[in-house]
Amino acid sequence: MKKVKHAILSFLGLMLIWVMLTPRDMQEIVAGLIVSALVVLLTLGMEPVLGDVRLTPKSLWYGVLYVLVFLRELLVSNLDVARRVIDPKLPIKPGIVKVRTKLQSRIGRTLLANSITLTPGTLTAEIRGDYLYIHWIEIRHEDLEGATRDIVQKFEKYLEVIFG
Amino acid sequence: MELAGAIVTLLGSLFLFLGALGLFRMPDIYNRMQAGTKATTMGTLLFIAGLAMGFHETIGASKVIIIILFVIFTNPLSSHALARAAHKAGIPLAKETVKDDLAADEENEEGAMKGTQEGEEL
Chain F
1 MKKVKHAILS
11 FLGLMLIWVM
21 LTPRDMQEIV
31 AGLIVSALVV
41 LLTLGMEPVL
51 GDVRLTPKSL
61 WYGVLYVLVF
71 LRELLVSNLD
81 VARRVIDPKL
91 PIKPGIVKVR
101 TKLQSRIGRT
111 LLANSITLTP
121 GTLTAEIRGD
131 YLYIHWIEIR
141 HEDLEGATRD
151 IVQKFEKYLE
161 VIFG
Chain D
1001 MELAGAIVTL
1011 LGSLFLFLGA
1021 LGLFRMPDIY
1031 NRMQAGTKAT
1041 TMGTLLFIAG
1051 LAMGFHETIG
1061 ASKVIIIILF
1071 VIFTNPLSSH
1081 ALARAAHKAG
1091 IPLAKETVKD
1101 DLAADEENEE
1111 GAMKGTQEGE
1121 EL
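Protein sequences appear in the order of chains F and D. According to the numbering used here, the first sequence holds residues 1 to 164 in order. According to the numbering used here, the second sequence holds residues 1001 to 1122 in order.
Source of the hints: derived by calculation from the structure; they are not laboratory data. Treat the numbers as computed from the prediction; the structure is a model and nothing was measured. Fair warning: there could be bad hints in the mix.
To be verified - Cut-off 30 Å, straight-line C-alpha distance, at most; resulting in silico cross-link-like pairs (DSBU-like, lysine-lysine):
| hint | chain 1 | residue 1 | chain 2 | residue 2 |
| --- | --- | --- | --- | --- |
| 1 | F | Lys-5 | D | Lys-1063 |
| 2 | D | Lys-1088 | F | Lys-93 |
| 3 | F | Lys-93 | F | Lys-5 |
| 4 | F | Lys-5 | F | Lys-58 |
Produce the entire structure from the sequences given, and follow the hints as far as they go.
Here is the structure:
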């Protein structure tokens, strides 16, 4: 079941990318269908990462919310780094903290780690089991719970609904 | 429209410049990576978006969306890989550093010899 879902989703994704990259005529679309099907068939043996995506109305809505939150954080993060770089005193208080995630699926964790890297002052350095090690440019909480609340939870609540 | 595109492109290059400045000013590799990842992501996005706004006859908007998605997905991955490799290679953190949980846990594992190390690939 997971495999089927993964195959369908990756086929649709590949097809979408193909259509966006090529001029829209019949010949190109047929070629795209063939190539996408081939790629899906050739990668059937690999782990079905997209099989964890949930396709309910709620998860789709949370997906939209997640993208919005992500874009806002991306903007804040850039202004934050820009401010630190310009400031003559270079206000940093760096260190590596440990946080815990509730996400179980691999794709959910990957997206969480990526989102953390692109948000203000944090950079994922390592994942071990349920723990992520994060380089934080200005440590505000040294304990596991405080850091988890600050860094992880704003994304986790959306990713939890989308991937589990 | 071309003017708006030019302004957005300029903003993008400003962010890229700040990213480069950050590479010089930050004290260690990890902080440099912070400046390098974030400012370049935003800078590249704005730069490409500005190009698309100014010259959308020659560059299709759909292509730009694809490029932006790829940048958003791949840029943090390379940073993880670099930060992880740097830490594994034992590159020290800057003297301002407050704490390092990863090194502490690694020491504990070496003491116990058989930790439950789950090599999660990214």
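Evaluation of the provided hints:
Taken as a hint, the F:Lys-5 and D:Lys-1063 pair is honoured in the structure, with Cα atoms around 27 Å apart against an allowance of 30 Å. For the suggested pair D:Lys-1088 and F:Lys-93, the alpha carbons sit about 22 Å apart, so the restraint of at most 30 Å is met. Straight-line distance between C-alpha atoms of F:Lys-93 and F:Lys-5 comes to about 45 Å, which puts the hinted pair past the 30 Å bound. Distance hint between F:Lys-5 and F:Lys-58 is fulfilled; the C-alpha atoms sit about 18 Å from each other, no more than 30 Å.
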